[in-house]
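Just so we're aligned: 325 in full-length UniProt numbering is position 325 of the sequence shown, and the numbers increase by one with no gaps anywhere.
Honestly, the hints are just simulated from the structure, not real lab data.
Among the hints, erroneous ones may be present.
[What the hints assert, rightly or not] Here are the computed lysine to aspartate or glutamate pairs in the EDC-like style, where the Cα-Cα straight-line distance is at most 16 Å: (1) K186 / E130; (2) K341 / E202; (3) K236 / D182; (4) K229 / E202; (5) K187 / E130; (6) K149 / D182; (7) K186 / E233; (8) K508 / E42; (9) K225 / D253; (10) K115 / D207; (11) K147 / E125; (12) K229 / E258; (13) K115 / D137; (14) K242 / E292; (15) K318 / D303; (16) K128 / D155; (17) K107 / E72; (18) K242 / E202; (19) K230 / E210; (20) K128 / E105; (21) K149 / D124; (22) K115 / D208; (23) K115 / E210; (24) K107 / D55; (25) K147 / E130; (26) K107 / D89; (27) K171 / D155; (28) K115 / E72; (29) K225 / E248; (30) K107 / E125; (31) K341 / E258; (32) K316 / D303.
Predicted model only: the values in this text are computed from it and were never measured.
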Amino acid sequence: MLSLNIISWNPHLKAIVFILLVYSLFRPGNTFAQSLSISQLEHYEQELFMLEEEDVIIHPDDNNGFFVFFQETKDARVYDNRWRITWLDTELTPSPPLRVEFDSEFKLIAHDVHKGLLRLLLIDESRKDEYLLTSIDRRRRISSDIKFKLPFLIDFTHFEFVGNHLLMGGKINYLPNVTLLDLSTKKLVTAQGLNLRKTELERIQVDDSENTFSVILNEIGANGKHIYKKFSETGKVLKTHKISDRGEFNLMDVRSIELDTAMVFTGTYSHGYSKLESHGFFMTKILPGGQEMSFFYPYALLDNYFSYMPEKKRWKNKAKVMSKAQNGKPLRYGRNYLFHKPMIGNGQITLSADGYYSVKNSSSVYQGSPAQYKLQYVHTLLAQVDLATGKTLWDTSLEYDKYTSSYIPEQISARSTVQADSTISILALELGKIVTVTSRGSLYKKKDRITLRTNRNSVVKTEKEMRNRRFGIYEFAGKYAYVFGVHETVNELKTEGKKHRRVFFINKLRFNKAVGPIY
1 MLSLNIISWN PHLKAIVFIL LVYSLFRPGN TFAQSLSISQ LEHYEQELFM
51 LEEEDVIIHP DDNNGFFVFF QETKDARVYD NRWRITWLDT ELTPSPPLRV
101 EFDSEFKLIA HDVHKGLLRL LLIDESRKDE YLLTSIDRRR RISSDIKFKL
151 PFLIDFTHFE FVGNHLLMGG KINYLPNVTL LDLSTKKLVT AQGLNLRKTE
201 LERIQVDDSE NTFSVILNEI GANGKHIYKK FSETGKVLKT HKISDRGEFN
251 LMDVRSIELD TAMVFTGTYS HGYSKLESHG FFMTKILPGG QEMSFFYPYA
301 LLDNYFSYMP EKKRWKNKAK VMSKAQNGKP LRYGRNYLFH KPMIGNGQIT
351 LSADGYYSVK NSSSVYQGSP AQYKLQYVHT LLAQVDLATG KTLWDTSLEY
401 DKYTSSYIPE QISARSTVQA DSTISILALE LGKIVTVTSR GSLYKKKDRI
451 TLRTNRNSVV KTEKEMRNRR FGIYEFAGKY AYVFGVHETV NELKTEGKKH
501 RRVFFINKLR FNKAVGPIY
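Take these sequences, add in the hints, and give me the full structure.
Quick look at the structure:
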């Protein structure tokens, strides 16, 4: 009779069984070994009263905390120009709020956080040429008020800081313009060589380490060129590049990366002139000698682009794609994609974008307003490319359930971007839940969900009409993430009045070590 008494087993046999048991727990395909554990720590909330969720403005303060501000409200009244400003540390401990009131003729048009200061830019609507720049520090003190005039009317699209200058980007007389205000001398400087006809200001990137900024211009019209210019903080041109015309390819969402070995431009492209639907990724390298190398990666040729479809339909679509590719026909497979900042490491670049489509909001409250449409995310596409050869190393498509929005952080960090072994972890938001999606190339996908909780340890519930609206994630140093949004909660504080309250919340999350090696 076979005995199951482990104590009496041969020591060598026990060692073999132990090894097999460990392998069964931590083998690559095991979900237990690959789960990414998340703990919920602190929570902060603020009742909105008469405000909409878009009226609450949140700005990360480097890795030190957050500024949260919104217009003051009382009962059924919203004060036009009175603002409540709160600073939260990394533990979400709020400072006593600061109330700031501006003259009625001033209107807030832009805001930013730079070097521990919340900057508010207001325009005098009665004069249209006078501006007020107010700076507020973490101790809720107004550190400075600067009034200045512009000799022209600028249509603002960008508002940032570079060095000791305020950067204001936009259009003047339908021409691109970047104007810089010296915060010490209050002198105005206009960046050189930007007022080009039939061009649009597509992107401004600031490099705080060098106190420089770069501008990408897009020529209006089909197959327009892209022009890259790098400036000092005083507006002097340091470098210029032009991305050559690509014939049938219309480049979109162009981003620049300056490396020691090359200047790299990435983004998406479409066949024909479209600003929404894209059909693939692209990468262009400009070598120090001026040689230009361009690579195009059609979505339809990625191994896993059709992976969300049933197997029969997937192979049918792949057969169509191969037939079109062999006949030299353009592969117009795509949708609206939101392109993310590329992630670089180990001689590789990872291109990623969120696929989405617009959904009409069913609530009558928002009819005729900008919030009438919301974005519903379908999946995230990722493709890792070798920088030297331009060859695709792997790709993956991570699909989301209904009312889920994804987030890919802008900075490389420990648990949520590309690792040395090509591991990807993406944070996503559902109704009252946070989702982690983990993948290593095209080999594995996993979803873990945890339910967000409030101060009273109750479940976060979002209002029906707020699904997938005004939610987001900020990440600090790869170990912590902060989820913010709006949810509906039972009114436990009042015996009369509304049964529910709309609350703006922030939850702090910590990434714990996985049970075993992720792969």
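Hint-by-hint comparison with the structure:
Restraint check for K186 and E130: satisfied, since their Cα atoms lie roughly 13 Å apart, inside the 16 Å limit. The hinted pair formed by K341 and E202 meets the criterion: a straight-line CA distance of about 14 Å does not exceed 16 Å. Straight-line distance between C-alpha atoms of K236 and D182 comes to about 14 Å, which keeps the hinted pair within the 16 Å bound. Note on K229 and E202: the hinted pairing holds, with a Cα-Cα distance of about 12 Å set against a maximum of 16 Å.
Taken as a hint, the K187 and E130 pair is honoured in the structure, with Cα atoms around 14 Å apart against an allowance of 16 Å. A threshold of 16 Å between alpha carbons decides the hint, and for K149 with D182 the separation of about 13 Å falls inside it, so the pair holds. Between K186 and E233 the alpha-carbon distance is near 14 Å, which keeps this suggested pair within the 16 Å criterion. Restraint check for K508 and E42: satisfied, since their Cα atoms lie roughly 5 Å apart, inside the 16 Å limit.
A distance of roughly 13 Å separates the Cα atoms of K225 and D253; the hinted pair therefore holds under the 16 Å criterion. Among the hinted pairs, K115 with D207 is consistent with the structure: their alpha-carbon atoms are about 13 Å apart, no more than 16 Å. Pair hint K147 plus E125 holds up; C-alpha atoms about 14 Å apart against a cutoff of 16 Å. At roughly 12 Å between alpha-carbon atoms, K229 and E258 fall within 16 Å of each other, so this suggested pair holds.
For the given pair, K115 sits about 9 Å from D137 by alpha-carbon distance, which is consistent with the 16 Å threshold. Between K242 and E292 the alpha-carbon distance is near 10 Å, which keeps this suggested pair within the 16 Å criterion. Under the criterion of a C-alpha separation no larger than 16 Å, the hint pairing K318 with D303 is consistent with the structure, at around 9 Å. Under the criterion of a C-alpha separation no larger than 16 Å, the hint pairing K128 with D155 is consistent with the structure, at around 11 Å.
With a C-alpha separation of about 15 Å, the suggested pairing of K107 with E72 holds against the 16 Å cut-off. Proposed proximity of K242 and E202 is supported: the alpha carbons are some 14 Å apart, at most 16 Å. Straight-line distance between C-alpha atoms of K230 and E210 comes to about 11 Å, which keeps the hinted pair within the 16 Å bound. Taken as a hint, the K128 and E105 pair is honoured in the structure, with Cα atoms around 10 Å apart against an allowance of 16 Å.
A hinted pair counts as satisfied when its Cα atoms are at most 16 Å apart, and K149 with D124 qualifies at roughly 10 Å. Pair hint K115 plus D208 holds up; C-alpha atoms about 10 Å apart against a cutoff of 16 Å. The suggested pairing of K115 with E210 holds, with an alpha-carbon distance near 15 Å, which does not exceed 16 Å. Taken as a hint, the K107 and D55 pair is honoured in the structure, with Cα atoms around 14 Å apart against an allowance of 16 Å.
Between K147 and E130 the alpha-carbon distance is near 7 Å, which keeps this suggested pair within the 16 Å criterion. With a C-alpha separation of about 28 Å, the suggested pairing of K107 with D89 is violated against the 16 Å cut-off. Restraint check: the Cα-Cα separation between K171 and D155 comes to about 5 Å, which is no more than 16 Å; the hinted pair holds. For a cut-off of 16 Å, the pair hint linking K115 to E72 is broken: about 26 Å separates their Cα positions.
Pair hint K225 plus E248 holds up; C-alpha atoms about 12 Å apart against a cutoff of 16 Å. As the CA atoms of K107 and E125 are separated by approximately 7 Å, the hinted pair is consistent with the 16 Å bound. For the hint linking K341 to E258, the alpha-carbon distance of about 13 Å falls within 16 Å, and the restraint holds. This hinted pair checks out: K316 and D303 have alpha carbons roughly 14 Å apart, not beyond 16 Å.
The structure fails to meet hints 26, 28 from the earlier list, while all remaining hints are met.
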